[in-house]
Amino acid sequence: MREIVQVQVGNYANFVGAHFWNFQDEALGISGQGEEEWQSNTGVDMDVLYRVGETRQGVPTYTPRLLAFDARESLGAVRAVGSLYEAPVQPDPSSITTWSGTAAMHKAEPYKKNEFLQSLDEEEESWDAGNQNQASMSGNGYHTNGDIMMQETDTERARLQALDDTVLYWTDYQKAHVHPQSVYELQSVWNGVTPFDYYGSGQGLLTQQEQRDEVQDRLRFFVEECDQLQGFQFLVDTSGGFAAVASDVLEEVREEYGRSCCLLFSLRPPWMVPAVPNHRASVISGLHDAVSLARLSSLANLFVPLGLQNLASSRVAMHLCLNDSKLFHSSAVYAAAVNTISLPFRMEPSGPTSSSWSRGVGSTDLSSLVQLVSRSQQRRVAMMEAALPGAFVPGDPIHGIDLKGLASLTQGVDYSIDETEAAEALVLQGSRLADARGTASVTQVLECMNSSETSVRRGALTLTHLAISPIPLSIPLPFPMIFGPNVGQRGDILPDKVSQTAGRGGLDIVSSSVAARVSTGESMLPYVKERSTNFRNLGVSRSSVGSRILEEWGFAKEEAHDLGESLGDLVTAYGERRGDEGSSDSD
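Counting from 1, one number per residue, gives the positions in the sequence shown under our numbering.
The hints are simulated quantities; they were obtained by calculation from the structure and are not laboratory data.
On a predicted model such as this, the values are computed, not experimentally measured, just so you know.
It is possible that some hints are incorrect.
[Stated by the list, open to error] With a Cα cut of at most 27 Å, we get these calculated DSS-like pairs of lysine-lysine:
#, residue 1, residue 2
1, K497, K326
2, K497, K404
3, K404, K112
4, K326, K113
[Stated by the list, open to error] Taking CB as the label site, the calculated pair distances span:
#, residue 1, residue 2, range
5, T155, D562, 57 to 63 Å
6, E214, T420, 44 to 50 Å
7, M46, D165, 30 to 36 Å
Quick reminder that beta carbons are idealized off the backbone N, C-alpha and C, glycines included.
Working from the sequences, and respecting the hints, build out all of it.
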């Protein structure tokens with residue numbers, strides 16, 4: 001077995017992670033119920049991400065191999081220990097007498113479970129009582145889609161519409177049960193109360209020995225039961241202080257499991273740029289992005305930034321109806337891309353193994369794919385592209401597959417740069433035939449790829465890995481209503497609207513094709529160069545505001561110098577010589 005441990009750091013990372021695990025939960029439910037598309041070998045090994053266990057009562061459990069970090073009071077109506085196992089005994093707060101100073105109290109009414117979560121609890125109780133007629137449940141006791149989708153009713157649609165409009169926490173819609181060791185709440189950070197907007201606010205939160213020991217123990221819990229650990233897949237909210245928390249966690253991983261591969265997806269929700277920020281705020285923003293990139297890219301084997309400033313108006317949303325103010329929406333798009341690009345790590349080795357145009361095809365392990373894309377870690381920052389719905393296979397393979405619909409999920413890249421050296425991993429999941437006659441086979445996709453290489457590549461890509469899964473992405477019931485009115489039930493793009501509804505979700509769409517690609521070409525140069533230039537202009541001078549801010553964040557002069565050198569090395573890796581970066585005035 002080739003296990004992967006997923007680590008989610010930060011609130012938005014957990015929003016994305018909740019969708020990611022819903023995709024896995026949906027796949028488990030469909031495979032368990034015998035959905036037609038899953039009757040043949042799916043080629044996906046669910047044990048890569050899941051662990052087998054049991055409660056003290058001997059009840060078998062199947063839970064994600066997951067460690068998730070978040071602030072306190074960020075779980076809504078769900079307990080950090082979940083509901084599969086008994087709750088640990090909580091100490092009586094009145095018995096704690098170690099603090100004699102003043103205290104501030106923030107009191108709020110308990111957050112109640114929404115109707116969706118209540119319906120899951122009710123169905124689970126029915127399942128436990130032996131009511132097997134609840135055919136709408138998945139392998140974990142939840143709704144599934146496909147041919148066994150629940151009968152659509154006005155009540156169900158209203159419930160899901162309410163969910164789409166009112167999600168406040170990632171636990172409001174996550175279906176998958178988690179192990180009590182999975183969720184770690186930062187003791188000193190309170191959701192909505194503690195300022196946590198920049199790198200320095202998260203610096204050093206896990207440096208106390210007691211906290212480090214607990215993080216190490218939780219990591220060991222998931223790692224030591226693995227037969228053959230592939231590595232770690234990180235989802236990190238880099239929009240604020242959790243970037244620093246992720247650095248601390250990565251350092252623990254490096255110290256304990258130094259040779260294990262770490263693939264890191266840097267996640268940032270759509271954001272608004274202040275019209276006229278004050279000088280200090282502008283400096284903090286520039287340094288935050290630069291320091292986050294320098295620290296995390298030096299600790300991870302591959303750093304993949306996802307986060308468009310305006311996702312709803314981007315090319316990615318061509319067939320989607322997104323609301324950038326809803327984390328529930330944007331996180332679903334990023335989760336679909338992460339799920340698809342990570343498929344090669346979970347595919348069985350028995351998948352397709354040869355092709356005339358690509359260096360590697362089909363399943364691969366995490367380390368091999370990261371080594372290829374990063375060009376043996378010469379380039380540690382990769383661009384992410386995606387299409388949802390994904391690529392379509394024409395009736396005539398001579399024309400090849402047109403992947404122009406792939407659009408960047410990484411802010412600040414430059415497609416106009418003529419790439420001479422690059423590497424990529426391309427994954428096509430459930431590609432549909434262009435005439436809406438069904439899902440294309442692996443053979444049909446490969447024929448189209450072989451017939452027209454130029455339709456696949458942006459430039460002279462020299463290293464390529466292709467993975468193809470004939471199974472589309474199954475859309476779980478709590479998926480947000482983001483599909484456009486011209487998207488068919490199986491993710492086909494139809495010439496006419498199939499619904500007058502502005503957005504369509506899990507009740508309307510059974511499955512969708514997805515295409516995803518990560519690459520390390522010269523088009524990433526503007527992304528890394530901007531951060532390197534900002535750091536040099538804002539943080540070098542001993543008397544500058546930036547220098548004082550770095551000192552406040554705990555970076556000594558030598559450490560700040562090393563951060564600048566790390567950023568300079570990134571710029572050099574993408575084809576620009578030292579000294580060619582130029583300079584720009586700071587704000």
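> Holds or violated: are the alpha carbons of K497 and K326 at most 27 Å from each other?
Replying inline: Between K497 and K326 the Cα gap is close to 24 Å, so the pair holds against 27 Å.
> Taken at face value, is the distance from the CA of K113 to the CA of K326 at most 27 Å?
Replying inline: holds (19 Å)
> Can the restraint linking K497 and K404 be considered satisfied, given a maximum Cα separation of 27 Å?
Replying inline: Within the cut-off at roughly 23 Å; holds.
>> Between the alpha carbons of K404 and K112, is the straight-line distance 27 Å or under?
In response: Given that 27 Å is the threshold and the Cα spacing comes to 45 Å, the pair is violated.
>> If I claimed the Cβ atoms of T155 and D562 lie 57 to 63 Å apart, would that claim hold in this structure?
In response: Holds: the Cβ-Cβ distance is about 59 Å, inside 57 to 63 Å.
> When you take the CB atoms of M46 and D165, is the distance between them in 30 to 36 Å?
Replying inline: Cβ of M46 to Cβ of D165: about 32 Å, so the range 30 to 36 Å holds.
>> Is 44 to 50 Å respected by the C-beta to C-beta distance linking E214 and T420?
In response: Because 48 Å falls inside the window, the suggested range holds.
In summary, the structure is inconsistent with hint 3 from the numbered list given earlier, while agreeing with all the others.
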